[in-house]
Each structure stands twice: as C-alpha cells, then as structure tokens.
Amino acid sequence: MTHKFAINGHEGYLTVGLFDDGRPGEIFIKMSKEGSTLSGLIQGFCRAFSLCLQHGLHLDEACERFRGMRFEPMGGTSNADVPECSSILDYVARYLQFEFAPRR
Numbered sequence: 041m042t043h044k045f046a047i048n049g050h051e052g053y054l055t056v057g058l059f060d061d062g063r064p065g066e067i068f069i070k071m072s073k074e075g076s077t078l079s080g081l082i083q084g085f086c087r088a089f090s091l092c093l094q095h096g097l098h099l100d101e102a103c104e105r106f107r108g109m110r111f112e113p114m115g116g117t118s119n120a121d122v123p124e125c126s127s128i129l130d131y132v133a134r135y136l137q138f139e140f141a142p143r144r
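The letter at position 70 of the sequence shown is residue 110 when you use this note's numbering, and the numbering goes up by one with no holes.
If you are wondering where the hints come from, they were derived from the structure by calculation, not from laboratory data.
Computed from a prediction, not measured in an experiment: that's the story for all the values here.
Please note: incorrect hints may appear among the correct ones.
Claimed, not checked - Estimated spans, in silico, between C-beta atoms of each pair:
#, residue 1, residue 2, range
1, L97, M41, 19 to 29 Å
2, R110, D60, 32 to 42 Å
3, H95, T55, 19 to 29 Å
4, K73, G96, 33 to 43 Å
5, T77, A141, 24 to 34 Å
Glycine included, C-beta positions come from ideal geometry on N, C-alpha and C.
Generate coordinates for the entire structure from the input sequences, incorporating the hints supplied.
Printed below as a string of structure tokens:
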C-alpha cells in the first residue's frame, strides 16, 4: 500500500509492505525534495524499522520509539488523521499507529 503525504509543503510517499495477516512488515519512504544526506538517513531508518518488524517487535513498540522526534520538515500535514507532526519519522510513526494499530 502506498500513502501520499505532505509535511509543511514537502511531499512524500510511504509504501508499506504487509505480511499475509495484514500486519506491516516493511516500509519505504520517498520524499520529493530530498538531498542525499536526508535520503540516506531516511533509507537507513526504513531498513532498521523494517528489520525490527520482521524480527518480532510489535508495531506499537516500534512506533513509540520514533513518535515525537523533532527535526525539519515539521508542522502541518495533508492528513486530517495526523494533522501535525514534529518530523518525517514522527509522521510515519503516528500514521502507522493510526492505520494499523488495533482499535481500542
């Protein structure tokens, strides 16, 4: 599944690969205006996050580690379910929790 988003005018795409049972098993992030440093860091995050999910870390636990991280871009988003975020990683964690966490 691929989700288009924008954070303070910076567009990106989050692709989530799912296990057969519908749980996220890997993620990929592509930002439309990114430099090589940001791109490399985001890809490293995606690999580490995906490995955690593939080796049994629960989605909520993985997301809690990255919620609240603060760096640019931050601010308003294009997603009414996650209207504000403090970084790309914060947005991804909040979105994944909203979209895939069991409803309480």
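Results for each hint:
Remark: the range hint 19 to 29 Å for L97 to M41 is upheld by a beta-carbon distance near 20 Å. One distance hint, 32 to 42 Å for the beta-carbon pair R110 and D60, holds here, with the actual separation near 36 Å. Taken as a hint, the range 19 to 29 Å holds for the pair H95 and T55, whose Cβ atoms sit roughly 20 Å apart. Checking the proposed 33 to 43 Å range against K73 and G96 shows it holds: the Cβ atoms sit about 35 Å from each other.
With their beta carbons about 31 Å apart, T77 and A141 fall inside the hinted range of 24 to 34 Å.
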